[in-house]
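Trainee: The whole structure should be built from the sequences, with the hints applied where relevant.
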Amino acid sequence: MPQQIPADSVGLVEPKNHHFDTPLELECGRTLPAYDLVYETYGTLNSNASNAVLICHALSGHHHAAGYHSMADKRPGWWDTCIGPGKVIDTNRFFVVCLNNLGGCHGSSGPSSINPETGQPWGPDFPMMTIKDWVNSQVRLADVLGIQRWAAVIGGSMGGMQALQWSIDYPERLSHCVVIAAAPKLSAQNIAFNEVARQSILTDPNFHGGRYYLHDTYPRQGLILARMVGHITYLSDDAMRMKFGRDLRAGRFHYGFDVEFQVESYLRHQGEVFSRNFDANTYLLMTKALDYFDPAREFEDNLETALAQPSCKFLVMSFTSDWRFAPERSREIVDGLVHAGRDVSYAEIDTPKGHDAFLLDIPEYVKLFGAYMHRVANEVENSINSVENTNA
Amino acid sequence: MRDDLQLISDWIPQGATLLDLGCGDGTLLAWLGEHKQTRGYGLEINQDNLAACFEKGVNVLEQDLDAGLGNFQDGRFDYVVMTQALQAVLRPDQILNEMVRVGREAIITFPNFGHWWVRSYLALRGRMPVSSTLPYEWYNTPNIHLCTVQDFETHCYKHNVRILERQVINRHHRSGFLAKLWPNLFGEIAIYRVKA
Numbered sequence: 001m002p003q004q005i006p007a008d009s010v011g012l013v014e015p016k017n018h019h020f021d022t023p024l025e026l027e028c029g030r031t032l033p034a035y036d037l038v039y040e041t042y043g044t045l046n047s048n049a050s051n052a053v054l055i056c057h058a059l060s061g062h063h064h065a066a067g068y069h070s071m072a073d074k075r076p077g078w079w080d081t082c083i084g085p086g087k088v089i090d091t092n093r094f095f096v097v098c099l100n101n102l103g104g105c106h107g108s109s110g111p112s113s114i115n116p117e118t119g120q121p122w123g124p125d126f127p128m129m130t131i132k133d134w135v136n137s138q139v140r141l142a143d144v145l146g147i148q149r150w151a152a153v154i155g156g157s158m159g160g161m162q163a164l165q166w167s168i169d170y171p172e173r174l175s176h177c178v179v180i181a182a183a184p185k186l187s188a189q190n191i192a193f194n195e196v197a198r199q200s201i202l203t204d205p206n207f208h209g210g211r212y213y214l215h216d217t218y219p220r221q222g223l224i225l226a227r228m229v230g231h232i233t234y235l236s237d238d239a240m241r242m243k244f245g246r247d248l249r250a251g252r253f254h255y256g257f258d259v260e261f262q263v264e265s266y267l268r269h270q271g272e273v274f275s276r277n278f279d280a281n282t283y284l285l286m287t288k289a290l291d292y293f294d295p296a297r298e299f300e301d302n303l304e305t306a307l308a309q310p311s312c313k314f315l316v317m318s319f320t321s322d323w324r325f326a327p328e329r330s331r332e333i334v335d336g337l338v339h340a341g342r343d344v345s346y347a348e349i350d351t352p353k354g355h356d357a358f359l360l361d362i363p364e365y366v367k368l369f370g371a372y373m374h375r376v377a378n379e380v381e382n383s384i385n386s387v388e389n390t391n392a
Numbered sequence: 001m002r003d004d005l006q007l008i009s010d011w012i013p014q015g016a017t018l019l020d021l022g023c024g025d026g027t028l029l030a031w032l033g034e035h036k037q038t039r040g041y042g043l044e045i046n047q048d049n050l051a052a053c054f055e056k057g058v059n060v061l062e063q064d065l066d067a068g069l070g071n072f073q074d075g076r077f078d079y080v081v082m083t084q085a086l087q088a089v090l091r092p093d094q095i096l097n098e099m100v101r102v103g104r105e106a107i108i109t110f111p112n113f114g115h116w117w118v119r120s121y122l123a124l125r126g127r128m129p130v131s132s133t134l135p136y137e138w139y140n141t142p143n144i145h146l147c148t149v150q151d152f153e154t155h156c157y158k159h160n161v162r163i164l165e166r167q168v169i170n171r172h173h174r175s176g177f178l179a180k181l182w183p184n185l186f187g188e189i190a191i192y193r194v195k196a
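Keeping their order, the protein sequence lines are chains A and B.
Mapping the first sequence onto full-length UniProt numbering, position 101 (from 1) lands on 101, and the numbers just tick up by one.
Mapping the second sequence onto full-length UniProt numbering, position 62 (from 1) lands on 62, and the numbers just tick up by one.
I should point out that these hints are in silico values taken from the structure, not numbers from a laboratory.
Each hint should be verified, as a subset may be incorrect.
[To be verified] Have a look at the derived ranges for each label pair, beta carbon to beta carbon:
id, chain 1, residue 1, chain 2, residue 2, range
1, B, 122, A, 243, 32 to 40 Å
2, A, 302, B, 160, 50 to 58 Å
3, A, 148, B, 158, 58 to 66 Å
4, B, 94, A, 12, 36 to 44 Å
[To be verified] Chain B stretches covered by chain A per the calculated footprint, using a threshold of three residues with CB under 8 Å from any CB of chain A:
id, stretch
5, 51-57
6, 60-74
7, 89-98
Please read all numbers here as calculations on a predicted model, not as lab measurements.
Glycine included, every Cβ here is placed at the ideal spot set by N, Cα and C.
Mentor: And the structure:
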């Protein structure tokens with residue numbers, strides 16, 4: 001619980017909900033007749049709606065990116081390190097929007113929400129989502145909020161993939177695209193890890209073919225395992241060595257299968273907490289969306305052609321110890337953009353923190369990301385001033 | 001802007017595409033972008049310089065020159081520029097090859113180790129020369145491959161790199177009569193335009 005809200009926090013925030021009645025056609029061929037999107041906003045939209053920034057969330061993320069829902073909250077939103085007054089994404093200058101993706105489990109329509117046709121939870125009947133579908137739904141939210149063009153669309157990991165998809169599918173609707181710790185598509189190894197996570201859920205006896213809601217249970221063990229596997233890929237070998245080493249909880253071997261090493265205890269705890277807060281069907285759906293992501297596919301498997309579509313400017317960032325989406329993967333995006341003659345800047349942050357680094361307060365990262373966002377904000381403010389001068 | 005950068009910018013035509021190796025805080029790219037509508041990228045590894053480029057809106061990629069330019073295709077840029085960095089890379093010969101491969105032309109500047117003052121410093125004092133163009137001590141200098149105008153031109157000749165233009169200037173960035181006559185003796189900074 002925050003004793004008092006820190007000065008550089010957006011403070012207490014309230015999620016908003018929008019119901020969409022226009023059917024959304026999906027890549028899988030199905031149509032979602034109606035749906036809800038839950039989102040949060042921080043900062044103030046300026047008079048010509050030119051200072052809006054969209055934050056796209058990663059695999060286990062949601063709409064609550066910054067601030068607190070109540071004074072009882074133990075932690076602020078998931079990207080509070082970067083979003084707030086005076087922070088990298090400065091809410092004194094930007095109007096920040098973050099939503100829970102379709103198929104999610106934090107308020108937007110998803111497998112755990114009620115299918116109006118049956119009156120039962122959607123469960124496995126909720127249509128499969130892709131990154132492209134998410135972007136299409138986000139466009140509709142932008143329309144509702146009166147945002148014709150984002151000053152920037154920003155995301156880390158799976159969020160970075162959404163940002164990239166925005167730049168390809170809606171080039172006229174964003175000025176800057178910030179892609180952090182992402183990849184132009186998943187590797188076989190990435191998909192393999194996702195498949196292990198899915199199998200652990202699918203084979204849990206409490207999964208009940210995805211209709212566990214009706215049995216008043218959930219595949220707890222499967223979710224725990226899925227998260228444990230995932231979590232290993234978010235940290236680096238170095239980060240784990242520094243954090244746990246071979247430390248023992250009780251200081252000696254017990255020659256059994258209970259928790260002995262600190263790293264075991266940590267992973268079990270992370271898995272346990274996650275299993276209580278995340279829906280198994282959503283996890284399945286989001287890992288599949290990751291696996292399907294491959295924007296080059298629409299352009300005869302040519303990434304350069306795909307990256308010739310955008311007209312915005314790019315910032316791409318990676319982290320040296322990230323082995324989930326390693327710097328080489330970000331450089332594939334950069335090389336494609338350079339080949340296509342697009343405006344792009346690239347920074348490789350030297351850190352032992354692994355994939356999770358994009359969420360952390362790392363000085364070099366904050367400095368470079370901040371410098372870029374400073375420029376984006378300046379561009380927004382200069383364009384307003386020039387409009388006002390022309391009118392005067 | 002530094003005078004040597006001014007000289008370089010005179011050589012670059014309107015609308016050219018550029019790659020600036022070791023672009024620093026992006027001054028040259030920003031100036032050329034604004035005044036000559038050039039497009040391009042800088043390569044840089046220093047954090048403060050990267051941040052400065054980000055703020056200026058100059059495209060900059062964090063990339064170590066010693067790792068080569070393998071990610072750029074042949075003839076991708078009209079000009080590849082490298083100012084005051086040739087002497088600091090691990091293999092100047094390889095980066096020069098890469099520059100004329102990636103650029104239709106390359107522009108290179110370096111401090112001339114054949115300048116009379118450098119020669120006399122070493123000859124008379126018997127110590128590694130320190131000057132305003134070579135401001136480091138022997139133990140902390142990033143300049144690991146210093147060369148003379150003569151060395152550079154011999155290398156270009158041997159490796160089929162054509163010299164299209166040469167300017168040598170003194171520390172005040174002026175090109176005097178003596179420097180024109182005896183560049184290897186009176187030039188402090190050498191500026192070349194070359195191609196494969």
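Trainee: Determine which of the earlier numbered hints do not hold for this structure and return their numbers in increasing order.
Mentor: Numbers 1, 2, 4 and 7, in rising order.
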